[in-house]
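Participant: Listed here are the chains, written in short residue letters.
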Amino acid sequence: MTKTTPLYDLHRKAQAKMVEFAGWDMPLHYGSQIEEHQQVREHVGVFDVSHMGILDLHGVQAQAYLHYLLANNVDRLVPAQALYSCMLNEQGGVIDDLLVYKITDDFFRMVVNAGTREKDLVWMQQHLTAFEATLQERSDLAMLAIQGPEAQEKLLALLPNEDAVALQTLQHFHLLYLPGDIMITRTGYTGEDGYEVFLPAQNAPLFWQRLLAAGIKPCGLGARDTLRLEAGLNLYGADMDDTVTPLASNLAWTVAFEPKARDFIGRRALEQQLQSGVEWRLVGLVLEGPGILRHHQKVIVEGIGVGEVTSGGYSPTLAKSIALARVPEATGTHCLVEIRDKQVRARVIKPPFIRHGKQTF
Amino acid sequence: MSKVPPKLRYTKTHEWAKQEDDVVIVGITDHAQYMLGDLVYIELPQVETHVDSGQECGLVESVKAAADIYCPVSGEVVEVNEAVIHNPQLINRDPYGRGWLFRVRPFDIKLKDLMNATEYTKQVASEAH
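Residue numbers (the numbering used here), protein chains in the order written: chain A, 1 to 361; chain B, 362 to 490.
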């Protein structure tokens with residue numbers, strides 16, 4: 001039995017093509033995935049991301065707990081600020097990647113992947129017992145992502161004046177927490193400017209309809225995936241999982257080794273890996289020959305070794321095929337990818353491919 | 362519902378074939394393009410190559426997946442649609458018109474071996490869960 005979001009009926013009515021994703025019946029697209037992708041790069045689109053796991057953490061030791069649980073350091077946050085982090089196992093493997101929002105000193109919110117929600121909860125509860133804090137799942141909330149260069153202009157017009165003023169000055173990775181259990185954050189998964197809105201599930205259909213009436217186009221999970229790939233943002237379960245560390249996943253920047261006194265789960269394993277040398281790295285590939293890069297294709301780095309495409313596809317912005325791939329550390333500027341029995345040359349780049357609508361390599 | 366023009370012939374692998382004088386035009390069905398999603402990459406057989414019915418002779422790739430094209434008839438490829446190579450989404454927009462793939466001069470016209478529209482519609486319905 002698949003789960004549905006509060007917007008399910010509206011998606012069906014809009015004739016969205018629905019697809020099963022992590023146990024949820026979600027819109028893949030509303031007609032054309034490529035048009036939705038371009039809409040977000042050039043204008044603005046809205047995604048129903050209510051399938052994501054929303055977890056609230058309350059308590060005087062909430063911060064101390066996250067300090068130990070997460071590879072990035074929540075001490076970096078002031079109230080009303082967000083942070084991207086991995087949650088690691090003792091071996092340094094990535095259990096999940098998440099966004100943590102500091103709302104007040106004793107109230108944090110985390111957004112985790114739909115497919116890892118249950119596993120995350122078990123792990124989090126297991127480590128929570130030593131801390132004075134409580135974890136609460138917020139399946140009563142819906143979450144919408146409004147993304148694109150026109151996101152601010154369109155969203156502002158829909159808000160009461162005082163909220164619009166506050167939103168206008170909201171910095172990237174900061175949040176507004178409003179009465180009525182509404183939270184607006186300047187975050188996203190597309191490489192464009194944009195906002196994510198958390199609101200009570202029962203209010204979501206009306207808000208969604210107001211967004212659409214304001215000219216914001218609905219976009220499905222298909223466009224979400226190609227947008228995040230162009231933005232060089234990892235997808236959990238494809239680009240990293242429990243068996244690889246952030247250091248081998250282009251996420252070293254999210255691990256806070258300073259201050260040295262901070263103990264966090266996975267720290268020792270990562271320090272050992274740094275000492276012995278990281279053998280793999282996650283890079284971007286731009287295909288130079290014909291074909292389409294896909295998950296699991298073999299990457300041949302001549303004279304060095306073999307790697308694998310972790311997620312690949314077609315980039316509508318570049319009109320080329322691109323991918324993220326895990327390759328030997330010593331990989332140079334080019335490699336060969338095995339595509340349907342042919343070896344096709346690809347250029348190796350450091351992600352992202354696209355930032356704010358522009359090519360970055 | 363996807364379109365299934367009554368005058369065409371169909372394969373169980375979702376190609377359509379249309380006889381026009383002494384050549385057969387080949388494409389993929391509306392149902393096939395809908396299931397694949399936006400098409401982004403196409404490989405077609407070379408002109409003058411000989412293809413056998415049921416043989417893999419091309420490739421269509423969408424944002425989601427790759428699918429082989431199987432030739433509905435045996436014959437010689439006489440023309441390929443360069444426009445869909447440069448703009449694969451023509452297939453999404455007009456699968457039976459501007460989104461055609463290639464033309465074959467058949468060795469032996471046996472389009473009757475292929476399914477008619479009614480039979481193909483039944484097959485598509487039986488594939489739906």
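Derived by calculation from the structure, the hints in this document are not laboratory data.
Hints may be right or wrong, so weigh each one.
[As the list claims (entries may be wrong)] Not everything, but these chain B residues come out facing chain A in the computed CB check (under 7 Å): (1) GLY398; (2) VAL401; (3) GLU422; (4) TYR457; (5) VAL485; (6) GLU488.
[Unchecked claim] Some, not all, of what chain B presents toward chain A, calculated at C-beta under 8 Å: (7) GLU381; (8) TYR402; (9) ALA427; (10) GLN450; (11) LEU451.
[Claimed, not checked] Straight-line alpha carbon distances no greater than 27 Å define the calculated DSSO-like cross-link-like pairs of lysine-lysine that follow: (12) LYS13(A) <-> LYS364(B); (13) LYS13(A) <-> LYS368(B); (14) LYS119(A) <-> LYS13(A).
The model shown is predicted, which means the values in this text are computed figures rather than measured ones.
Where is the CB? At the ideal position from N, CA and C, for every residue including glycine.
Participant: So, for every hint listed, does it hold in this structure?
Facilitator: Now for the hints, and whether the structure bears them out:
A hinted interface residue such as GLY398(B) counts as satisfied when its beta carbon comes closer than 7 Å to some beta carbon of chain A; here the least separation is about 6 Å, so the hint holds. With a least beta-carbon distance of about 4 Å to chain A, the hint placing VAL401(B) at the interface is held under the 7 Å criterion. Given the 7 Å rule on beta carbons, the hint for GLU422(B) holds: about 5 Å separates it from the nearest Cβ of chain A. For TYR457(B), the interface hint is violated, since its Cβ never comes within 7 Å of a Cβ in chain A; the closest pair sits about 18 Å apart.
Evaluation of the VAL485(B) hint against chain A yields a violated restraint, the C-beta minimum of about 16 Å exceeding 7 Å. The interface hint given for GLU488(B) is broken, as the beta carbon of that residue sits about 16 Å from the closest beta carbon of chain A, more than 7 Å. With a cut of 8 Å, the hint placing GLU381(B) at the interface with chain A is violated, because the nearest CB-to-CB distance is about 29 Å. The closest approach between the C-beta of TYR402(B) and any C-beta of chain A is roughly 5 Å, which is under the 8 Å cut-off, so the hint is satisfied.
Given the 8 Å rule on beta carbons, the hint for ALA427(B) holds: about 7 Å separates it from the nearest Cβ of chain A. This hint holds: GLN450(B) has a C-beta 7 Å from the nearest C-beta of chain A, less than the 8 Å allowed. Given hint, LEU451(B) at the interface with chain A, is violated; its Cβ is 13 Å from that chain's nearest Cβ, farther than 8 Å. Using a Cα cut-off of 27 Å, the hinted pair LYS13(A) and LYS364(B) holds, with the two alpha carbons roughly 21 Å apart.
Annotation: proposed proximity of LYS13(A) to LYS368(B) is violated, straight-line Cα distance about 32 Å (limit 27 Å). With a C-alpha separation of about 33 Å, the suggested pairing of LYS119(A) with LYS13(A) is violated against the 27 Å cut-off.
Of the numbered hints stated above, those contradicted by the structure are hints 4, 5, 6, 7, 11, 13, 14, listed in ascending order.
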